[in-house]
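Chains as they are written, first to last, in the numbering used here: chain G, 140 to 373; chain C, 265 to 496; chain E, 265 to 496; chain W, 564 to 925; chain A, 564 to 925.
Calculated from the structure, these hints are not laboratory results.
Incorrect hints may have been included.
As the list claims (entries may be wrong) - Using 25 Å as the maximum straight-line C-alpha spacing, the simulated BS3-like pairs for lysine-lysine come out as follows:
hint, chain 1, residue 1, chain 2, residue 2
1, G, K283, E, K491
2, E, K491, W, K612
3, E, K387, C, K491
4, A, K629, A, K612
5, C, K491, E, K310
6, C, K387, E, K282
7, E, K387, E, K310
8, C, K387, W, K612
9, W, K629, W, K612
10, E, K491, C, K387
Claimed, not checked - Here are some chain C residues the structure puts well away from chain G; computed CB gaps all over 10 Å:
hint, residue
11, L290
12, A303
13, L412
14, I434
15, T444
Here a beta-carbon is modelled for each residue, glycine too, at the ideal position from N, C-alpha and C.
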Amino acid sequence: GTTTVFAAASLKNAMDEIAADYKAETGNEILPSYAGSSKLARQIQQGAPAQIFISANPGWMDTLEKDGLLVDGTRVDLLLNSIVLIAGPGASADLSVKIGPDTDLATLLGDGRLAMALVDAVPAGIYGKAALSSLGLWDSVEPKVAQADNVRAALRLVGSGEAPMGIVYATDAAADPQVRVLDTFPADSHPAIVYPAAILKDGDSDQTRAVFAYLTSDAARAVFKAHGFGIAGE
Amino acid sequence: MTDWLGPAEWQAVALSLKVSLWAIGLSLPIGILAAYALARWDFPGKQLLNGIIHLPLILPPVVTGYLLLLSFGRRGPVGSFLYEWFGLIFAFRWTGAALAASIMAFPLMVRSIRLAVESVDPKLEQAAATLGAPRLWVFFTVTLPLILPGVIAGAILGFAKAMGEFGATITFVSNIPGQTQTLPSAIYTFLQVPGGETQAMRLVLVSVTVAMGALAISEILARRAAKRVSGA
Amino acid sequence: MTDWLGPAEWQAVALSLKVSLWAIGLSLPIGILAAYALARWDFPGKQLLNGIIHLPLILPPVVTGYLLLLSFGRRGPVGSFLYEWFGLIFAFRWTGAALAASIMAFPLMVRSIRLAVESVDPKLEQAAATLGAPRLWVFFTVTLPLILPGVIAGAILGFAKAMGEFGATITFVSNIPGQTQTLPSAIYTFLQVPGGETQAMRLVLVSVTVAMGALAISEILARRAAKRVSGA
Amino acid sequence: MSLTVDITHPLAGFDLNVAFEAPEGVTALFGRSGAGKTTVINAVSGLLKPQQGRILLGGETLFDAKARVNLPIHRRRLGYVFQDGRLFPHMSVRQNMMYGRRFAPRGASGPGLEEVADLLGLTAMLDRRPGALSGGEKQRVAIGRALLSWPRMLLMDEPLAALDAARKEEILPYLERLRDRAGLPILYVSHSMAEVARLATSVVVLEAGQVVRSGPAEQVLSDPALVHQIGLREAGALLPATVARHHDDGLTELSVSGGRLFLPHLDMAPGSHTRVRILAQDVMLALEPPNGISALNILRGEIVTLREGSGPGAIVQLQSGEDKLLSRITRRSAQALHLSPGQRIYAVIKSVAIARGDIGAG
Amino acid sequence: MSLTVDITHPLAGFDLNVAFEAPEGVTALFGRSGAGKTTVINAVSGLLKPQQGRILLGGETLFDAKARVNLPIHRRRLGYVFQDGRLFPHMSVRQNMMYGRRFAPRGASGPGLEEVADLLGLTAMLDRRPGALSGGEKQRVAIGRALLSWPRMLLMDEPLAALDAARKEEILPYLERLRDRAGLPILYVSHSMAEVARLATSVVVLEAGQVVRSGPAEQVLSDPALVHQIGLREAGALLPATVARHHDDGLTELSVSGGRLFLPHLDMAPGSHTRVRILAQDVMLALEPPNGISALNILRGEIVTLREGSGPGAIVQLQSGEDKLLSRITRRSAQALHLSPGQRIYAVIKSVAIARGDIGAG
Ligand SMILES: Nc1ncnc2c1ncn2[C@@H]1O[C@H](COP(=O)(O)OP(=O)(O)OP(=O)(O)O)[C@@H](O)[C@H]1O
Ligand SMILES: Nc1ncnc2c1ncn2[C@@H]1O[C@H](COP(=O)(O)OP(=O)(O)OP(=O)(O)O)[C@@H](O)[C@H]1O
Ligand code: MOO
Ligand SMILES: [Mg+2]
Ligand SMILES: [Mg+2]
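If we strip away everything but chain G, and leave its shape as in the complex, we get:
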């Protein structure tokens, strides 16, 4: 049998690997469907044939929970992530930035742009804005922000040299040799970046529970870690 897992797009590499492992181990298939968390959540609201949902955004999981679409008690915080400030290929090698309330990010940017995901809509952008705000940097930086529709697009803006710097997930930055991580935002500068997971009411079955259990198994955690994620609760 197959189990359909709706997963935030940024989980693709890790989930593909886990699905392959799972199949090798059990012979059963995990069918992942990747898209933005908001899309997936809406589809679940409309009765999508998914059994498990992993969101990059606790907000959408809250919505589904309120709608009563989750199997009670199955929601867990599965993964953690952090956001980092990155520089592109154009930046001089000795550029180093330490993020703090005194960082003059606006000056560092010059007439360049700071690439972020949509700061009011996409999780990575929301976290980034929260971090900059709490550090008191937002007001000076805001006019220089270029918002992309997702983290990868923001990463690409930096990687291609279009924007000198950007704010992205650590997982994304780690995988792109074009960019260099300047610094990680302090964990307390923004709400914890967690990826909640849950079993959906329509999809509850033994098999689903087995897959869900596998996702929290050590084997799966190792894979997630290898892709740069943190494990919630560790």
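Place chains C, E, W and A with the ligands on chain G using the hints.
Just chains C, E, W and A with the ligands now, kept in the frame of chain G:
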């Protein structure tokens, strides 16, 4: 080639072709009818129909997909009706992808065909009528052959659009490999993850190749049709 | 109305209009030229040109945006050339949004116009030549007026597409309020957050209203042009 | 089967206001360019919906504005040869010609493709497309297409204008045979008086949308008042005639009410009725029967009217037997011969001037 | 300015293979439907690029396959009146007619819009679009458009086919004046022998793509061998004539080499040269000069040849002065009069049979 693309990717290619061909095949007759009606008839609500046909072009695809999800989804009014009466399910099936593709391609098809209809000289249709041919016969033996270049152009535009459609599809039917993961969805997914660009570009290449092939065929067909129409 | 939409949203409406009008205005002449060339001339690489023009339709918009970024970005070969020689910058500017919109709209425009060119009887152009008119004059006084309905159809298709374009635009020039935040970007943003639907639908309504207005105007213009062409 | 037309319709320069009765046979619509001929035919065919009036064919109402009757075009079954061709560009000549055949009702009959293609000289080009045909070839295909739909009536708008004299000579007798054999009524527009005189049983003269004269061809064409409408060179009389006998030297003798006429051999049985056209300009007048002259045909008559024109010409109308003849001579001759109404006179007609083309089997 | 055409081009049914010289004046292309007339004109205009050969106009090479010369259409400046109209549908009649004017080179001159519109009866419809014109009106606009472009030469493909006799009568003299005044050469296609005879200085007869006869109009038209090509009814001779004087009763006296002819008043100064056409069927033969007959014109002649046709007719060619006349009579008459070559004879010609339309100012 089989090595070059993984099975999931081949699946996406096959699915995209299936979805696009069905999308065009089924919507073409309706498109021709709509184009003919807009070009030749006057009826109340004509401008409204024209506007509705253009909507998918005007709206961001995500919105179209969202509206499709709301109306054709399992819980949506149209979706539940179709399911109860005809057993038709669109949501999260390849049929839904085809529906999304055909709706996105529809305005392109209709415009092309409508232009072609408008350039057919009604005098020829009148001549056919004086020879005793009823309207429908005139349509199939005179009008349709004469608008064929426009129909082909519309079909190929629509096919290309269907092959490239992504926003509405992923929003409406999600991105489930083998079921609703079309080429563009697969490309999108690759672009979402670190290091996915190369794989994405490989799929882009496949997509471009398929579409170019279709384009070339359509050009040949259209040229042949146009030659017939010019009467030489 | 001013209360109904916030200033940022008004900005988005105004920007979308500006971007779409520029996109169509500037690409229309090129579109007419390309359509004419494809319809009437034979030259090496014709099929290639045809293919390239259709690419933005075939590719998922994100890919088009990405390719635009690679070539028209500051470091891109075309982008750096244009900057050095003409001081033109596309990245993060509304000009880039217009470029993206025009490239996405281009295949739609070209197809419509090309169909119209193909339905112009070359005998009329020949007649003009026998009266002493050089080619360019023939084009502007005979061909162009006769293809006007097609040009208008192409322009309105393109305009509608430009108003709805989102994927390529946001990927290429991102989303900077007042600079590159067009209506679709704003709509998309609202749709990303739980509970944003109402606001999104408000903007959808604005977008639909604007586009329907444009559509209605184009219908009137096209009808007038078609009436002239029919010679009555 | 007769056609009744009584319609009013506004046009650019004037109102079309036409009422006439077209009896069996060929009714010619005659009039200057822009007089409204095509418009009338369009109304009969159903392509134009007149503002007012009605159109009846053989008792059936095709159109009646008051009764809101408007028979659809395809149910009228009128074979229309358009002034502007209108061939289907995407079909071969054969397909064009056979297009209407399947709509002929069961039991209908008419000429076959081979026969018509042969008549029209199209046999060699049946598989070509109309785009690469010459002007006259296109026109012939259009004629064939209308004939082969086996219509109840033919509407022909200058069908022979683009054709050479020889081809016309082949097609005209065929139309005559159709008219006579199938009783096929024909509404015929032509600028050529020769065609009209030959084919028409009845003539309707239009001027700026109004009927200025209509009636049997013999009457209309020999009306001296219409000479200027018809054109000086084309004016002439139509005479009913009977084939008397065939002579060994190839001449055919016809008897007309005023005497005998000799013509090049006619392929008609003795006793059959026909009519001949004698152009006013082909009739000389002589006070005495001339001798030693190559003209074989001399009819005795009496001058009815003598109309002097504005120029140096004069039109003389003669009574010869029961028929009226027209003669166009110079005023000088009229004076030299002291012509006056009531005078006895001889009309000298060159036999060959009564050309084959002017003999209708009517 | 003379035109030299020598081209080869493959067509659907045969190869076009045409060589002729068109001197100043009007050259008529005559031939049956599908003979290749339009194709020749297209080649001259540049619309068709012949496979082989060359085309020269007044010493300038328009086309030369070997030398790879092919002057672009718009630089040829030949006013083409198409067989199929080709009006610009989106322009008013006025705009259509004035379209070519701006391309006339500096220093060129020609008729004005008012003059041409008046001649063609288009003044009232200058602001209408071609779509709502009648067939003949369209054709007239096409003629006007070509004239008003002030071309170096006119190419006219059946320009008058859709027009009524009266309108033709107005346009033909105008074309003659153009031909004479501006020395404008005209290549003219027509199925009407009357038009050809009236206008043409030289005639080229085409048959299935080949030139079967070409030369000065007088020679070609009075060649008894071509009677069947031209059509029996249209055969006739062209005679050069000089205006002798005008009589008070409205007749004009012409002198031809064989004697005198009387015609309805001609608007030409005494002494001016012209030519008259005498149809074979309008010429009767008499052994003695007849008396008391309305025919004014009697020429003395001598029989040159006597050709009996397959039918009951015979074509007699006469020498009258320096000119040759044709007469078409019945065999019976020929026998009754004992006609034989060398015989002295009188040709009786009805004065009015030499119609205005057949007098060219050539
Ligand atoms: N659609 C129309 N609207 C208004 N007027 C028209 C329309 N079509 C034709 N006319 C005018 O009506 C008049 C009669 O046109 P019609 O075509 O009946 O003439 P016709 O007798 O057939 O002439 P022709 O011998 O030149 O073909 C013309 O003056 C023409 O300009
Ligand atoms: N494009 C073409 N390709 C091949 N054959 C052609 C083409 N156009 C015309 N023909 C043929 O060439 C022949 C000559 O055509 P053309 O148009 O010159 O005739 P025409 O003498 O003008 O006849 P008409 O008096 O009927 O107009 C015709 O038999 C015609 O079918
Ligand atoms: O695709 Mo996400 O929801 O922006 O990680
Ligand atoms: Mg007409
Ligand atoms: Mg021709």
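Hints and how they fare:
no.: 1; hint: G:K283 - E:K491; in the structure: violated (52 Å)
no.: 2; hint: E:K491 - W:K612; in the structure: holds (20 Å)
no.: 3; hint: E:K387 - C:K491; in the structure: holds (15 Å)
no.: 4; hint: A:K629 - A:K612; in the structure: holds (13 Å)
no.: 5; hint: C:K491 - E:K310; in the structure: holds (18 Å)
no.: 6; hint: C:K387 - E:K282; in the structure: violated (43 Å)
no.: 7; hint: E:K387 - E:K310; in the structure: holds (24 Å)
no.: 8; hint: C:K387 - W:K612; in the structure: holds (15 Å)
no.: 9; hint: W:K629 - W:K612; in the structure: holds (13 Å)
no.: 10; hint: E:K491 - C:K387; in the structure: holds (15 Å)
no.: 11; hint: L290; in the structure: holds (23 Å)
no.: 12; hint: A303; in the structure: holds (37 Å)
no.: 13; hint: L412; in the structure: holds (39 Å)
no.: 14; hint: I434; in the structure: violated (5 Å)
no.: 15; hint: T444; in the structure: violated (8 Å)
In this structure, the earlier hints numbered 1, 6, 14 and 15 are contradicted, and the remaining ones agree with it.
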